[in-house]
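The primary structure of each chain is shown beneath.
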Amino acid sequence: MAIKVGMEVSIAAAEAVKQANTDIVAAYPITPQTHIVEHLAELVNNGDLDAEFIPVESEHSAMSVCAGSSAVGARSFTCTSSQGLALMSEIVYIAASLRLPILMLLANRSLSGPLGIWNDHSDVMSIRDCGWIQVFAENGQEVYDHVFIGYRVAEDRNCLLPFLVNLDGFILTHMVEPIEMIDQAVVDRYLPPYKPLYSLHPDHPVTMGAFADPALYTEAKKAQDEALKGSLPYIMKGWQEFGDLTGRYYHPIERYKTEDAKVILVTQGSLGGTASIAIDNLREKGELAGLVKIRLWRPFPFKEFREAVKGAELVVVMDRAISYGGPGGPLAGEIRSALYAQERRPRVVNVIAGIAGRDVAPEDFERMLQQAQQGSGEGYEIYGVRG
Amino acid sequence: MIEIRLHGRGGQGAVTSAELLALGAIKEGRYAQAFPSFGPERRGAPVVAFCRISDEDIKLRAVIYQPDIVLVLDPSILRLVDVSNGLKADGVLVANTRFSPEDIKKELGVKSRVATVDANKIAQEELGLTITNTTMLGALLKASEVVDKGAMIEPLQERFGRLAERNIKALERAYQETQIL
Amino acid sequence: MSKPEREITWKELNVGCVIDEPGNAATYRTGDWRSQRPVYNKDRCIRCGTCYIFCPDMAIKTIEDGYIEHDLYYCKGCGICAQECPTEAIAMKDEVE
Amino acid sequence: MIKHLDRLSVKKARQVSKEEYFVPGHRACQGCAEALAVRLVAKALGKNNVIACATGCIEIFSSPMPLTSWNVPWIHVAFENAAAVASGIESGLKVLMRKGRLPQQKINVTAMAGDGGTSDIGLQALSGAFERGHNFVYCCFDNEAYMNTGIQRSSATPFGASTTTSPAGKVVSGQTSWKKNMPEIAVAHDIPYVATACTSYPFDLMEKVKKAASIEGPAYVHILSVCPTGWRLPTHLSIHAGRLAVKTGMFPLYEVERGRYTLSVDLPKLLPIEEYLKIQGRFRHLTPEMIKGIQKRVRDEYEKLRKKVQMTNEDQQGKAVS
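Top to bottom, those sequences are chains H, G, P and W. According to the working numbering, the first sequence is numbered sequentially starting from 1. According to the working numbering, the second sequence is numbered sequentially starting from 1001. According to the working numbering, the third sequence is numbered sequentially starting from 2001. According to the working numbering, the fourth sequence is numbered sequentially starting from 3001.
Don't read these hints as lab results, they were simulated from the structure. This one's a predicted model, so the numbers in the text were calculated from it and none came from an experiment. Be aware that one or more of the hints could be misleading.
[Said to hold, decoys possible] Think about it this way: if two alpha-carbon atoms lie no more than 27 angstroms apart in a straight line, the pair counts; the simulated BS3-like pairs of lysine-lysine are:
| id | chain 1 | residue 1 | chain 2 | residue 2 |
| --- | --- | --- | --- | --- |
| 1 | H | Lys262 | G | Lys1059 |
| 2 | P | Lys2061 | W | Lys3099 |
| 3 | W | Lys3099 | W | Lys3180 |
| 4 | W | Lys3292 | P | Lys2061 |
| 5 | W | Lys3106 | W | Lys3180 |
| 6 | W | Lys3278 | P | Lys2093 |
| 7 | P | Lys2061 | H | Lys221 |
| 8 | W | Lys3296 | P | Lys2061 |
| 9 | W | Lys3307 | P | Lys2061 |
| 10 | H | Lys195 | W | Lys3047 |
| 11 | W | Lys3170 | W | Lys3210 |
| 12 | W | Lys3018 | W | Lys3180 |
| 13 | W | Lys3099 | H | Lys195 |
| 14 | P | Lys2003 | P | Lys2042 |
| 15 | P | Lys2003 | H | Lys222 |
| 16 | G | Lys1088 | H | Lys4 |
| 17 | P | Lys2061 | H | Lys195 |
| 18 | P | Lys2042 | W | Lys3018 |
| 19 | W | Lys3247 | H | Lys195 |
| 20 | H | Lys257 | H | Lys237 |
| 21 | H | Lys257 | G | Lys1149 |
| 22 | H | Lys229 | P | Lys2093 |
| 23 | P | Lys2011 | H | Lys237 |
| 24 | H | Lys222 | P | Lys2061 |
| 25 | W | Lys3012 | P | Lys2042 |
| 26 | P | Lys2011 | H | Lys303 |
| 27 | W | Lys3308 | W | Lys3296 |
| 28 | W | Lys3296 | W | Lys3211 |
| 29 | W | Lys3247 | W | Lys3170 |
| 30 | G | Lys1088 | G | Lys1149 |
| 31 | W | Lys3307 | W | Lys3012 |
| 32 | H | Lys229 | H | Lys310 |
| 33 | H | Lys285 | G | Lys1106 |
| 34 | W | Lys3308 | W | Lys3278 |
| 35 | H | Lys221 | H | Lys237 |
| 36 | G | Lys1059 | H | Lys4 |
| 37 | H | Lys4 | H | Lys303 |
| 38 | H | Lys285 | G | Lys1149 |
| 39 | H | Lys310 | G | Lys1088 |
| 40 | H | Lys221 | P | Lys2042 |
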């Protein structure tokens, strides 16, 4: 059994990118993603990673470079945050439609304006429909592990989709914590070199990115949608095999004390642990509370989610992004529609909290759950806002 | 679980102190977190960093509001920032100051234990500059044995290389010279 | 993939809509776009290749000894070949119904 | 009077490869000199060539699913990023060959874009790729406006030209700014090779593209590609118009090799610009005063270019004498 090493999560992520024998790193600096890229530059310049490090002039070009390099069959990595994602988002969508297995780490941060460098999920929610496989990591270990899992699943001939790992900015990127590193031999066993189905090479000329008129566009989009939906079993397979090698098993939905829960809190990302403390506290006070953490965001695991909340009377969804003038936060919107067709459906109360670095402590979760008891289930509340 | 809040000025290495402490705990096979205050502070501005140490997996990711230990790296911050804010009654304030614990207790009105050491002097003598982040770790370990002093050697060596010896010596001296009340 | 586009189902599309038959656009007839057709007078042709090199539609085939032939499957009737021919060996004539 | 500056010789035409890497069946307009330019570039670069293409006419007329006009590997990602995609292709091939996952061989990487995709929206990505020094050839197919979207002005639209967003109105008469000097912007990046070319001089064009590919590092070829549709010109005059652009000095042909300027055709006397302007509908509204202004600017610019040729060749001449 490998020992745990204390390191900053960003460093661990970069080490994983190295261990995955990445060929191309293209990135532009943005807080709080910088430590990942800085460490990768160091690894490349010290000869520890044989890759091309491409210090692009913008995030738009970072994703464009990755599109080009992935299209020739190179294992390609980028990472960004907030405004950087917004700038590159045009190409993020195209990378999915081209079915290029690029890996991206997103250090989640609020979108301007006002400018704020702190953590929430408004950046990733702006590309919710980009067609990538998207997961949320709860801790540094999950970030490190999902570099390997991400490449493995993305490059699976049954998927061939880009893979996005969300890690909360600062809360994870700047956190020093114990990480269990995987032996290189195990990494090599789990993650074979990328063998593209199609690649740009003169020996077999192909055309990529052709345009579609209305007679074919719908078919192209249907194929893309089926590919993303159809990736679920291969994501599960990637997790299963990773678990068999490391003992760490991941699931689309993580449940905490949901079996008999009447009130279930739903979160994504690094606040899951904090939320679980609130659940313990509420249980001590006699509340039948439980927690559901959504790891897999796309494709959305409808079946697993419905199963997880089936006994609940009240589901409290904590969103970390606002859909201005909409029905609720993006996560609550998903969850309400996931449950709408159910015969017995719980009331879904939406709380928006932890926006742009506003700290959320266990007591906050407790208060949210208590306040939600009175919630109508319509619209949303912004927790802790003054005035 | 022990929660520690560190006060310093940007560029003085408060984050490094927190990290070294966490790394020491992890070397012991325990769980730890170290994280900065996530601010845009630049060199010179008062900053805080945090550290949690536990024998079990740490789930909590919120900021530390009620620390068991407060570590103050810079004497000039003592009167500038409310360093004892939230400090638990059975906690300890560890400060870099020329003054005695008694003086500090009286001046700041701290009810909990107070440990002091003139870390500026030690750092100046041992390292040739008043960067006190490693020196103050000695004071912290004297005031509360959150991590075994021996477990700190390796992280210090990894971080400081050929300068490690002098930092370890500064830490040792502070450990010896710290007064607690 | 050479099926008419209106008959292609989503399952028949390659991954990423990649087209793996290089140059299959050559099946597409652009000759229908023509309202004027080139008429070639071999006797005046000095086999300089000017028409061949200037044709944007690759609709001029060179045959034995450098003489040419228009490929009316592709020729859009732009008239560049006639204009550029140094010996006026090509003339443009209206297409008739 | 010379009809063809580089008179097409039987020999030259016969030497040209008959292979087409850009095949017929493409859907460019009748008389499209951009399609011709693409054909000549593809021919010059041959089989071992991977192309990253920007959104625009070329992309649309060459890749309507499920058909492709390309016989070489080709990718289109977006409008403004051809240089960045090409950077990724070049770096990807390099690293895969270095790591032994692809056999070592010379594969040229080409980026293609129109004038808008180059001198407007794609300028940042292009500048980045030049600065990073990727080994690739960037071809700008300049037809002097956004033709794909319906003839809107770009920064490459010449002064006075009427487009749908710089119409010849009652108060403002066409494009009010001078054509952005994109080749000079490329030169400012200190890249090893910059050239201008025009489809009306096909052998010159192909030689420049080949030279660009043979040089290590970024190379930029700016190709004037006459658009009869956008310039409001009879389709058969595409080649003729390009020739006039060169002979009037509106679009001089030159090369800049490691900072050294050479004129590809030195014109002892420029034709009056009216010759060029009068055949195009987009200039029909120009007043004599406007034409006079354009004429002066063209002469001045040509003189400036000549001076650069002189200045950057002085050293060599000095050496030759001593």
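Hints versus structure:
no.	hint	in the structure
1	Lys262(H) <-> Lys1059(G)	23 angstroms, holds
2	Lys2061(P) <-> Lys3099(W)	44 angstroms, violated
3	Lys3099(W) <-> Lys3180(W)	42 angstroms, violated
4	Lys3292(W) <-> Lys2061(P)	44 angstroms, violated
5	Lys3106(W) <-> Lys3180(W)	34 angstroms, violated
6	Lys3278(W) <-> Lys2093(P)	26 angstroms, holds
7	Lys2061(P) <-> Lys221(H)	40 angstroms, violated
8	Lys3296(W) <-> Lys2061(P)	44 angstroms, violated
9	Lys3307(W) <-> Lys2061(P)	44 angstroms, violated
10	Lys195(H) <-> Lys3047(W)	23 angstroms, holds
11	Lys3170(W) <-> Lys3210(W)	47 angstroms, violated
12	Lys3018(W) <-> Lys3180(W)	36 angstroms, violated
13	Lys3099(W) <-> Lys195(H)	14 angstroms, holds
14	Lys2003(P) <-> Lys2042(P)	39 angstroms, violated
15	Lys2003(P) <-> Lys222(H)	19 angstroms, holds
16	Lys1088(G) <-> Lys4(H)	30 angstroms, violated
17	Lys2061(P) <-> Lys195(H)	40 angstroms, violated
18	Lys2042(P) <-> Lys3018(W)	21 angstroms, holds
19	Lys3247(W) <-> Lys195(H)	52 angstroms, violated
20	Lys257(H) <-> Lys237(H)	25 angstroms, holds
21	Lys257(H) <-> Lys1149(G)	39 angstroms, violated
22	Lys229(H) <-> Lys2093(P)	57 angstroms, violated
23	Lys2011(P) <-> Lys237(H)	23 angstroms, holds
24	Lys222(H) <-> Lys2061(P)	42 angstroms, violated
25	Lys3012(W) <-> Lys2042(P)	20 angstroms, holds
26	Lys2011(P) <-> Lys303(H)	25 angstroms, holds
27	Lys3308(W) <-> Lys3296(W)	18 angstroms, holds
28	Lys3296(W) <-> Lys3211(W)	33 angstroms, violated
29	Lys3247(W) <-> Lys3170(W)	32 angstroms, violated
30	Lys1088(G) <-> Lys1149(G)	24 angstroms, holds
31	Lys3307(W) <-> Lys3012(W)	32 angstroms, violated
32	Lys229(H) <-> Lys310(H)	22 angstroms, holds
33	Lys285(H) <-> Lys1106(G)	40 angstroms, violated
34	Lys3308(W) <-> Lys3278(W)	30 angstroms, violated
35	Lys221(H) <-> Lys237(H)	25 angstroms, holds
36	Lys1059(G) <-> Lys4(H)	16 angstroms, holds
37	Lys4(H) <-> Lys303(H)	35 angstroms, violated
38	Lys285(H) <-> Lys1149(G)	40 angstroms, violated
39	Lys310(H) <-> Lys1088(G)	42 angstroms, violated
40	Lys221(H) <-> Lys2042(P)	52 angstroms, violated
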